[in-house]
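Residues in the sequence shown are numbered consecutively from 294, following this note's numbering.
Keep in mind that the hints were calculated from the coordinates and are not lab data. Take these hints with a grain of salt, some might be off.
[Stated by the list, open to error] Computed spacing ranges between beta-carbons, pair by pair: (1) Ala343 <-> Asn417: 19 to 29 Å; (2) Asn417 <-> Ala344: 19 to 29 Å; (3) Pro358 <-> Asn417: 27 to 37 Å.
[Stated by the list, open to error] Below, a list of computed lysine to any residue pairs in the SDA-like style, where the Cα atoms sit at most 25 Å apart: (4) Lys353 <-> Gly386; (5) Lys368 <-> Val390; (6) Lys365 <-> Thr350; (7) Lys368 <-> Ala343; (8) Lys353 <-> Asn385; (9) Lys368 <-> Lys353; (10) Lys414 <-> Arg341; (11) Lys368 <-> Asn417; (12) Lys412 <-> Gly359; (13) Lys353 <-> Ala384; (14) Lys353 <-> Asn418; (15) Lys407 <-> Thr388; (16) Lys368 <-> Thr408; (17) Lys368 <-> Thr388; (18) Lys414 <-> Leu342.
Quick reminder that beta carbons are idealized off the backbone N, C-alpha and C, glycines included.
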Amino acid sequence: MISFFSAAGIKHTCRKMLVPIGLLALCNSTAFAVISGENSSIVKLNNRLAAISGTVTDEKGQPLPGVSIYDKQTKRTTSTDGDGRFTIDVANGATLVFSFIGYETQEILVSGSKTINVKLKESNNTLNEVVA
């Protein structure tokens with residue numbers, strides 16, 4: 294059986310609780326694997342998290358503050374600051390979703406790059422009615 298968990302400071306807890314009861318614990322700063330059973334083998338942790346940063350702008354190059362950024366795999370979210378900048382921790386191969394009212398939603402696959410700059414296109418859909 295293999296179980297994966299992620300948490301800050303888990304390395305100490307992992308070793309303190311699992312090693313005394315005969316479980317092999319592979320730990321690093323972002324994740325650990327617990328391996329048990331007769332046919333256990335060492336598992337390489339490939340989904341290490343890395344900080345991705347960048348800027349979100351409109352088609353004219355103006356920064357967009359408040360853009361929502363969502364990682365489809367880990368469900369992590371963040372938003373751009375007043376200058377359109379963001380930082381989010383994701384695993385390689387994650388899909389980030391960028392959305393903002395009045396603009397088309399865009400999905401980007403993270404593939405090894407530490408910087409992602411996004412240009413959102415204005416949406417052709419406009420509100421037809423205003424509710425007072």
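Status of each hint after checking the structure:
Look at Ala343 against Asn417: about 35 Å separates their beta carbons, and that is not inside 19 to 29 Å. For Asn417 and Ala344, the hinted distance range of 19 to 29 Å is not satisfied, since their beta carbons lie about 34 Å from each other. About 23 Å separates the C-beta atoms of Pro358 and Asn417, a value inconsistent with the hinted range of 27 to 37 Å. The hinted pair formed by Lys353 and Gly386 fails the criterion: a straight-line CA distance of about 29 Å is larger than 25 Å.
Distance check on the hinted pair: Lys368 and Val390 sit about 10 Å apart at the alpha-carbon level, within 25 Å; holds. Under the criterion of a C-alpha separation no larger than 25 Å, the hint pairing Lys365 with Thr350 is consistent with the structure, at around 21 Å. Between Lys368 and Ala343 the alpha-carbon distance is near 15 Å, which keeps this suggested pair within the 25 Å criterion. Restraint check for Lys353 and Asn385: the C-alpha separation of about 30 Å exceeds 25 Å, so the hint is violated.
Pair hint Lys368 plus Lys353 does not hold up; C-alpha atoms about 30 Å apart against a cutoff of 25 Å. A distance of roughly 32 Å separates the Cα atoms of Lys414 and Arg341; the hinted pair therefore is violated under the 25 Å criterion. About 28 Å separates the Cα atoms of Lys368 and Asn417, which puts this hinted pair outside 25 Å; it is violated. In summary, the hint linking Lys412 to Gly359 is supported, as the alpha carbons are separated by about 14 Å, within the 25 Å threshold.
Under the criterion of a C-alpha separation no larger than 25 Å, the hint pairing Lys353 with Ala384 is inconsistent with the structure, at around 30 Å. The straight-line distance between the Cα atoms of Lys353 and Asn418 is roughly 19 Å, inside the 25 Å bound, and the hint therefore holds. Under the criterion of a C-alpha separation no larger than 25 Å, the hint pairing Lys407 with Thr388 is consistent with the structure, at around 14 Å. Under the criterion of a C-alpha separation no larger than 25 Å, the hint pairing Lys368 with Thr408 is consistent with the structure, at around 20 Å.
The suggested pairing of Lys368 with Thr388 holds, with an alpha-carbon distance near 10 Å, which does not exceed 25 Å. Between Lys414 and Leu342 the alpha-carbon distance is near 29 Å, which puts this suggested pair outside the 25 Å criterion.
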